[in-house]
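K.L.:
Spelled out from the first residue to the last, the chains are:
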Amino acid sequence: MYFKLAWRNIWRNKRRTWITVAAIGFAVFFSSFMKSAQLGSYERMIDNVARFFTGYAQVHALGYWDDKTLDFSFEANEDLIHTVRKSAHVEVAAPRIESFALASFVNQTKGSLVLGIDPEAENQLTKLKSKLVAGDYLEADDKAVLIGEGLASYLKMDVGDTLVMISTGFHGVNAAGKYVVKGLVKFPTPDMNNQIIYLPLREAQWFYGAENRLTNIAMIVDQVDNTNMVVDKLKSELDTEIYEIMGWEELLPELVESIELDYVGGLIMRYILYTVIAFGIFGTFLMMVNERKYEFGIMMAVGMHRYSLQIVVFMETILIAITGTIMGILVSLPLIVYFYFNPIYFTGEYATMFESYGMEPIMPFSMDSEIFTGQGTAVLIIASILALYPLFAIFRLKINQAIRG
Amino acid sequence: MKVIKANQLTKVYNESKIPVTALSGVDIEISEGEFTAIVGPSGSGKSTLLNIIGGLDNPTSGYIEVGGLDISTLSENQLIDFRMNNIGFVFQSYNLIPVLTAKENVTFILLLQKKSKQEMNARAEELLNKVGLGDRMNNRPNELSGGQQQRVAVARALASKPKFILADEPTANLDSVSTANLLDLMAEMNATEKATFVFSTHDQRVIDKARRVITLEDGKIKSDEIKS
Ligand SMILES: Nc1ncnc2c1ncn2[C@@H]1O[C@H](COP(=O)(O)OP(=O)(O)O)[C@@H](O)[C@H]1O
Ligand SMILES: [Mg+2]
Numbered sequence: 056m057y058f059k060l061a062w063r064n065i066w067r068n069k070r071r072t073w074i075t076v077a078a079i080g081f082a083v084f085f086s087s088f089m090k091s092a093q094l095g096s097y098e099r100m101i102d103n104v105a106r107f108f109t110g111y112a113q114v115h116a117l118g119y120w121d122d123k124t125l126d127f128s129f130e131a132n133e134d135l136i137h138t139v140r141k142s143a144h145v146e147v148a149a150p151r152i153e154s155f156a157l158a159s160f161v162n163q164t165k166g167s168l169v170l171g172i173d174p175e176a177e178n179q180l181t182k183l184k185s186k187l188v189a190g191d192y193l194e195a196d197d198k199a200v201l202i203g204e205g206l207a208s209y210l211k212m213d214v215g216d217t218l219v220m221i222s223t224g225f226h227g228v229n230a231a232g233k234y235v236v237k238g239l240v241k242f243p244t245p246d247m248n249n250q251i252i253y254l255p256l257r258e259a260q261w262f263y264g265a266e267n268r269l270t271n272i273a274m275i276v277d278q279v280d281n282t283n284m285v286v287d288k289l290k291s292e293l294d295t296e297i298y299e300i301m302g303w304e305e306l307l308p309e310l311v312e313s314i315e316l317d318y319v320g321g322l323i324m325r326y327i328l329y330t331v332i333a334f335g336i337f338g339t340f341l342m343m344v345n346e347r348k349y350e351f352g353i354m355m356a357v358g359m360h361r362y363s364l365q366i367v368v369f370m371e372t373i374l375i376a377i378t379g380t381i382m383g384i385l386v387s388l389p390l391i392v393y394f395y396f397n398p399i400y401f402t403g404e405y406a407t408m409f410e411s412y413g414m415e416p417i418m419p420f421s422m423d424s425e426i427f428t429g430q431g432t433a434v435l436i437i438a439s440i441l442a443l444y445p446l447f448a449i450f451r452l453k454i455n456q457a458i459r460g
Numbered sequence: 038m039k040v041i042k043a044n045q046l047t048k049v050y051n052e053s054k055i056p057v058t059a060l061s062g063v064d065i066e067i068s069e070g071e072f073t074a075i076v077g078p079s080g081s082g083k084s085t086l087l088n089i090i091g092g093l094d095n096p097t098s099g100y101i102e103v104g105g106l107d108i109s110t111l112s113e114n115q116l117i118d119f120r121m122n123n124i125g126f127v128f129q130s131y132n133l134i135p136v137l138t139a140k141e142n143v144t145f146i147l148l149l150q151k152k153s154k155q156e157m158n159a160r161a162e163e164l165l166n167k168v169g170l171g172d173r174m175n176n177r178p179n180e181l182s183g184g185q186q187q188r189v190a191v192a193r194a195l196a197s198k199p200k201f202i203l204a205d206e207p208t209a210n211l212d213s214v215s216t217a218n219l220l221d222l223m224a225e226m227n228a229t230e231k232a233t234f235v236f237s238t239h240d241q242r243v244i245d246k247a248r249r250v251i252t253l254e255d256g257k258i259k260s261d262e263i264k265s
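Chains as they are written, first to last, in the working numbering: chain P, 56 to 460; chain U, 38 to 265.
Derived by calculation from the structure, the hints in this document are not laboratory data. Note that this is a predicted model, so its numbers are computed, not measured. Hints are supplied without guarantee of correctness; some may be wrong.
[Stated by the list, open to error] The calculated BS3-like cross-link candidates involving lysine-lysine, where the alpha carbons are at most 27 Å apart (straight line), are:
#, chain 1, residue 1, chain 2, residue 2
1, U, 257, P, 453
2, U, 152, P, 59
3, U, 257, U, 198
4, U, 54, P, 348
5, U, 151, P, 59
6, P, 453, U, 151
7, P, 453, U, 200
[Claimed, not checked] Listed next, the stretches of chain U that the computed footprint assigns to chain P, with coverage defined by at least 3 CB atoms under 8 Å from CB atoms of chain P:
#, segment
8, 81–91
9, 113–124
10, 144–151
11, 212–224
Heads up, the beta-carbon is just placed ideally off N, CA and C, and yes, glycines get one too.
Bound-form chain U, shown alone:
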C-alpha cells in the first residue's frame, strides 16, 4: 500500500534576493514498511523533501499525501498533532531536549500524547533497552556520546508507535562503528516496530544498507533503485 504519495512537488525559497529552487517536479511513492534512503550531494534537496513529507514545510506547488491524508489541508495545530501521532523524526544532531534525561526525552512524546504514567515508563524503558541504552536512561544528552544520543533519538521517534520515521542524515556526525550500529538498529526497528523508514544520507555505508535508494540532484529525481 502506498503510504506516501508526492506528485510534482516543487519548492522555491524566496527568502533571499535570488529565489532558490530546492525541489522541482518530484514524484515519489513510498509503500508501507519500506526502508528507503534519499541520497544526493549537499544542497540537492533531501532535507526539503523530508520536511515536506513530515509536514514541517509546505511545497510551493504539487501534491503531497501522507498516510492517506492530504496534509496541505491541515491547520498548524492539526499538523502538530498529525506529526505527534504519525511521524517520528530523527535529525542530524542535537535531537534531544538538553535538560531532560534519555528516558524523559522518550516520555516527552508520550506526555504530549497524554499517556498514563505506567504506559509511558514501560514504553520508554522497553525502547531504551531495545536501543541498548538500558543503563543510560537517567543521563542527560551531554553525558551521552553522539551515537548514544542518536539511539535515544530513534527511541524517541518510535515512542508513539508512528507509521513513519523520517531521519535526516542521522549518521552525519557519527563515526563508522556508530553509523553501522545505528543503521542496524534502524533496520531492526523497521522490522519489529513495523514503521516505514525514510532517511537521507550521502554516506555510501548507509546507502548500502538501504533497500531502496532514491537519488536527488538539483532538486530532481535522478534515479530510483529498488534492491532485490
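The shape of chain P in the complex, shown without the other chains:
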C-alpha cells in the first residue's frame, strides 16, 4: 500500500522525475567514467614502471637505496636467488647490476642508465624482448648492448654501430668499454627510452669490476596487491642486517605521490559534481514536499499517521535515487568495458603533449568493481541525506495550516 502510493506519486510528475533520475544517473555515470579513467591510468603507470622496469619488489644490499652506488652491491648467491624465486606469489625474479655510465658515439655523449641483466630472466620479468624494435635480443654471453631507441637517435647511432661507455666501477675503479649495439628497444615512458642501456649480466659485472656481484634482484608478483605480503615474507626469511626488501611503493615514491595527487584532484572534481547534483536533487525534493502540503494535511486529517506519511515520501525519494543510480551504472558499464578493451590512444599534438610530461599518450580505463559500488553508494548516501528534508518537513507540518491551503 505504502509502496503503491509512493510508486504512483513518483510518476505524477513524470518529467520532473525523469530529469531528477537523469541528473543522478549522469552523476553516477560521469564520476564512474572519470574514476575508471583515473584508476586505469594508475594501473597503467604502475605497470609501465613497476611491471616493466623496477619490478613490483626488489632485494638490495642494506643501504643501497639511499646511496645507489656499486659499493652497496652484494655477492650473487644461488641460495638467495633461489629463496626469492621459491617465495609464494613471486612469479619471476631476475638478478641485476645497475649503475650509470657516459655513453658516446662520434661527437655525442649522454649520461645513461646501465642495466646488467640475465637476458632470459629479464625477458620473463619485463618482456624486454617484446620491446625490441630493431636488431636482435641479447644472449647471456654476448659482449654487446641493447639501447633505448630514444638514446640511439640522440647519439645518432644504429644497430651495428659501436658504443663507447665510460664510468666508475666497484671500489672506484675506472670502467671503460666498447660495445656493438645489437638491438634497439622502445619504451613508452620517455625517461627510460632516452637513457637505457642493457648489457648481459656477466659483461656488466666485468665492465664495473664487480665480478659476481649484483645491485638488486627484481621480482614480479602475481598480483600488484600481493606485493606487501611478499615483501613481509621475504623480510622474515632473509637476513635484514644484510639485505633490504622493498615494494614498488617504496621504490617509486614519486609515482605514488603523483598518483595520490591526481587522486585528490579527481576527488575534488567529484565533490564539485556531487554538490551540483545535490542541489538539483534537493530542489526536486523541496518541490515534492511544498506542492503537496495540502494533500499531506488531508491525509493526516483522515487518519494517516505522520510516520506513515514519512515512510511513503522517503520511499519516493529513495526510489528516485536508486533508479537514477542504476541507470547511471547501466550506461557507464558497457562504455567502460568497451574502453577497457579499447583504450584511447592519443595522436599528433596531444601525443606530443603527453610525452613532454613524460607520460605515455594513452587513456586506459579500469574495470575495478569498486568504481561502481563506490560511486553508486556515494550518490545513494547523498540522496538519503537530502531525503531527510522531506521527512523533516512532514515532521514540522501543522495540519490546520496545511489544510487551509
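Given the structure of chain P, go ahead and fit chain U with the ligands onto it with the hints provided.
P.N.:
Showing chain U with the ligands alone in chain P's frame:
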C-alpha cells in the same frame, strides 16, 4: 444525547504581527443525529470551529468535548486514531488522494484501520454504489467531475462508520445541480448511516436543507435556529 459540547471556545491566531481572533466565546451543543449547518460570511470562523471540533486545531481557551471525550487531553497519535475511528471529513475541494482511484480512496481509510480485504472491498463498493458512483470506482479523481469527487469524499468520510461527519463548505465549488444532489446524498446518509452531520456553508440553498442553522459572525454565535 449531546455528542459535541463546546464551552467558551476562543481561538486567537498569533502567526502574523496582528493577532487574529477567529473565535471568541463560542458555546455549542450538538446532539446525536443532527444535520446542522454552520453559517456565516467568509472569515467568520466556520472552518476554525469545525477544525477544533475535528481535532485538527486546538482552541486557545475553552473546553471541547467530542463523543464524550475531552479531546484536548489526547496526544497527536491518539488524536489521529480518534479522528480515524470517529470522524469523517469532507473538505471544500481536493479531498481525494490524486494517485488513488475512487475505490482506493475509500479503502484507504479502512486500510489505515487494518480491516480485512473482503470487508474493505465490500464496504467501498457498497458506499460508492450508494453515492451513485458504482460505475466510476476505478477512475482517478482527475477523471471525475467536482460533484463526483465530493461524492467520493462523502463515501470516504463514511467508510469507517464514524459518529460524525464534518464537512467544511463541501459545495463551495459545485454548480447548483451538484450542490442539490450532494445535499440530498448527505441527508440520506445522515438517515441511513446514522452519523451526525455538521457542515459549514454560506450558500442559501444549502442552508435551506439544514435542520438546524448556527450563524457565526466575527467569531461569535449570532443566532441558533432549529427548524421544525
Ligand atoms: N492558521 C491561521 N493563521 C492565521 N489566521 C488564521 C488561520 N486560520 C484562520 N485564520 C483567520 O481566522 C479568521 C477565521 O477564519 P476561518 O475560520 O477560516 O473562517 P471561515 O471558514 O468562516 O471563512 C479569518 O480572519 C482567518 O484569516
Ligand atoms: Mg472556511
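K.L.:
Hints first: check each against the structure and report whether it holds.
P.N.:
Evaluated hints:
no. : hint           : in the structure
1   : U:257 to P:453 : holds, 25 Å
2   : U:152 to P:59  : holds, 18 Å
3   : U:257 to U:198 : violated, 31 Å
4   : U:54 to P:348  : holds, 24 Å
5   : U:151 to P:59  : holds, 16 Å
6   : P:453 to U:151 : holds, 25 Å
7   : P:453 to U:200 : holds, 25 Å
8   : 81–91          : holds (count 3)
9   : 113–124        : holds (count 7)
10  : 144–151        : holds (count 5)
11  : 212–224        : violated (count 0)
Hint violations for this structure: numbers 3 and 11, all remaining hints satisfied.
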